[in-house]
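Chains as they are written, first to last, in the numbering used here: chain F, 83 to 333; chain E, 160 to 458; chain L, 1034 to 1165.
Certain hints may be false.
Think about it this way: if two alpha-carbon atoms lie no more than 25 Å apart in a straight line, the pair counts; the simulated DMTMM-like pairs of lysine to aspartate or glutamate are [as the list claims (entries may be wrong)]:
#1 E/K290 <-> E/E247
#2 E/K290 <-> E/D250
#3 E/K437 <-> L/E1153
#4 F/K119 <-> F/E227
#5 E/K447 <-> L/E1153
#6 E/K292 <-> E/D325
#7 E/K290 <-> F/E91
#8 E/K437 <-> L/E1145
Calculated from the model, a selection of chain E residues having no Cβ within reach of chain F, i.e. all distances over 12 Å [stated by the list, open to error]:
#9 E221
#10 L285
#11 A342
To give an idea of the interface, some chain L residues facing chain E are shown, with a C-beta separation under 7 Å as derived from the structure [as the list claims (entries may be wrong)]:
#12 P1040
#13 S1041
#14 G1043
#15 P1045
#16 R1073
#17 P1074
#18 A1076
#19 E1077
#20 N1082
#21 V1083
#22 N1084
#23 V1133
#24 L1154
Because the hints were derived from the structure by calculation, they are not lab data. From the three backbone atoms N, C-alpha and C, an ideal C-beta is built for every residue, glycine too.
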Amino acid sequence: MLWYKSWLETRWRFLIGLALLLCSAAGAVLTYPQVLKLLPQVPPHVDGLLGEKIREAADLARSYQGYVWSSWFRQNLTQAASLFAVLLGTASFLSLEGGALFTLSLPVSRRRLVFVRAATGLAELFVLVFVPSLLIPLLSPAVGERYALGSALIHSACLFIAASVLFGLALLLSTVFGDVWRPLLIALAVAFALAIVDQALHSPALSLYRLMSGETYFRTGRLPWGGLLAAAGAAASLHVAAIANFTRRDF
Amino acid sequence: MTEQPIITTSGLYKSYDGVEAVRGLDLQVPAGSICGFLGRNGAGKTTTIKILLGMARPTRGEARVFGLLAHSPQASAAIRLRTGFVGEEKDLYPYMTVAEMVRFAAAFYPRWRRDLEQRYLRRFELPAERKVKALSRGMRTKLALLLALCRGADLLILDEPTAGLDPAITEEVLQALVTHVGAEAMTVFFSSHHIAEVEQIADRVAIIDRGRSVVAGALDDVRQAFCRVEMVFDGEAPEAELRAPGVIQVRRSGRVLVVVSRGGADPIVSAARALRPKSIDVVPLTLKEIFLASLGEEA
Amino acid sequence: MLLRPNPSSGVPIYLQLMEQVKHAIETGALRPGDQLPGIRPLAEELVINVNTVAKAYRELEHEGVIELRHGSGAFVAKRARAGRLVHTLRDAQTLVAGMVKQLRARGLSEEEIRRLVEAELAGYTRPGGRRD
Chain F
83 MLWYKSWLET RWRFLIGLAL LLCSAAGAVL TYPQVLKLLP QVPPHVDGLL GEKIREAADL
143 ARSYQGYVWS SWFRQNLTQA ASLFAVLLGT ASFLSLEGGA LFTLSLPVSR RRLVFVRAAT
203 GLAELFVLVF VPSLLIPLLS PAVGERYALG SALIHSACLF IAASVLFGLA LLLSTVFGDV
263 WRPLLIALAV AFALAIVDQA LHSPALSLYR LMSGETYFRT GRLPWGGLLA AAGAAASLHV
323 AAIANFTRRD F
Chain E
160 MTEQPIITTS GLYKSYDGVE AVRGLDLQVP AGSICGFLGR NGAGKTTTIK ILLGMARPTR
220 GEARVFGLLA HSPQASAAIR LRTGFVGEEK DLYPYMTVAE MVRFAAAFYP RWRRDLEQRY
280 LRRFELPAER KVKALSRGMR TKLALLLALC RGADLLILDE PTAGLDPAIT EEVLQALVTH
340 VGAEAMTVFF SSHHIAEVEQ IADRVAIIDR GRSVVAGALD DVRQAFCRVE MVFDGEAPEA
400 ELRAPGVIQV RRSGRVLVVV SRGGADPIVS AARALRPKSI DVVPLTLKEI FLASLGEEA
Chain L
1034 MLLRPNPSSG VPIYLQLMEQ VKHAIETGAL RPGDQLPGIR PLAEELVINV NTVAKAYREL
1094 EHEGVIELRH GSGAFVAKRA RAGRLVHTLR DAQTLVAGMV KQLRARGLSE EEIRRLVEAE
1154 LAGYTRPGGR RD
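In isolation and in its complexed conformation, chain F is listed as follows (with noise of 0.2 Å):
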């Protein structure tokens, strides 16, 4: 029951974040011949760090591939499975308006009340950022363009592991505060820092953000194994440490 509990808990968030991401998806998808047919309009003379952002986008757009990277990995759902992840990952464990001394007085040892949270956190951030992916080659016929599947699953992958790890600092933050403002908005805090430097260095090698977008996928057709592995061991990492700091907080 632990985990309907939990499921009951983060539903909306987990439908709504589903229901925005399966339109964005499909929305990137049917928009592409616009796109296409604008893209000579775009000035090409613009200076400065805009005119080298539109510049860019353009570029990548003339493509099909680069078009879908940039527009829905590297910026839609980039942007979307960052916040999801946050809010996902922030559980209202102390909140005794949430039943908290209930809960805790219930015979789970506090180590399994974390990893329910956790799995089921995990599994729906899963569904929000695989799910909508994998529409892309679904419905890339539609307007006469091919997308690779294993392209899709390879990026999915890398932003899945990489936004783990926001996952895994909202959970930490849920077990040492006991509202679930401070958490939200720490993590959200954090993750708004990363993306920041992110875009002023241009993404460079060790970006969690350069990670979630598979930039280096992208790019160079290799799989950043180094940038996953470090992730999936941050997150764990958090995830260890959000476990054991509940199971030794008094409450």
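Please arrange chains E and L on chain F, whose structure you already have, making use of the hints.
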């Protein structure tokens, strides 16, 4: 056949951020008793209860339930399997309905009593499809109590079970407790500010003040130990200190000398005779007066 | 039922129950051979601890006022002692009535009379506190 006590604490200490909530608490609750746990706000009642249930770890000393160590995680899970708990906040899951809460709780206890579940749902008139957040305080308390009673537990720990309830629901709750305990052979340990209800249903009492036990034992024994001896003198009541074991308080008012003692009346009366009073009256104290007297306040 | 203990009076509930049962026997509300309510039903009805009722019944049995028959319940003792108790009490009532009348005639108030009686029972009223 003397069993070991269901609950024992010895030299229990607990500090939160340098503030000592429990300071050397020694407590024993025998099996089959209904023990009332009295104390001022902040005296350490809730902290003690949390320690018993493994929600907080003692700084020093030990607490045992069913003979098991309360701060060991495995033992604590075993304790909680046999213990029903109703917290002060009656916090349950606001987004679940009554029926879902019952199903949820039942899943954790192999000894769940379906027969009691049906009986209490009817008796407490709890609407199965209503969400917990839409329940009144009284109904939430009754639901929390139902969830605690149906577990097939050997021990019930209740933190202020009737707080904020009107007298009718309070009586319902007390009656459910008395009936259940009579039929099921369990032990009840409950903290309360309502001294009248402790007097009504408890057969043991433990009073805690500033983290320590100040009174503990069978309620009848405690009532016999605490008394007020009133002496009237011909002239002004003498200034002499009344030395006798158990004296808590001595008060003079004109020709009257009042001594409150917790060691029984006889030692006081023996000592009092030396002062040659005109009359001596021995008056029993109500539990409320005992409570206030043991805290060192005016009785 | 005739039993109505007051939990807040300061007197242990089991003592009150015993007194009330004895009083019921005196006044004839309960006669030798009558069955008393079961321990658990009585506790439930009065919303008091089952152990308290059990203790009261045990003490009453010890004093010979009632009999606890295993499996059947509690019954008022048929023994002559109970009858004697009633008889003695009736005589005592007459004595007390006479004494109260006398004391009132001397101008003592109800409160003063009550205190004198209680103090006498406790054995403490001799000047200087000597017990005779």
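Enumerated hints in conflict with the structure, sorted upward: 5, 17, 23 and 24
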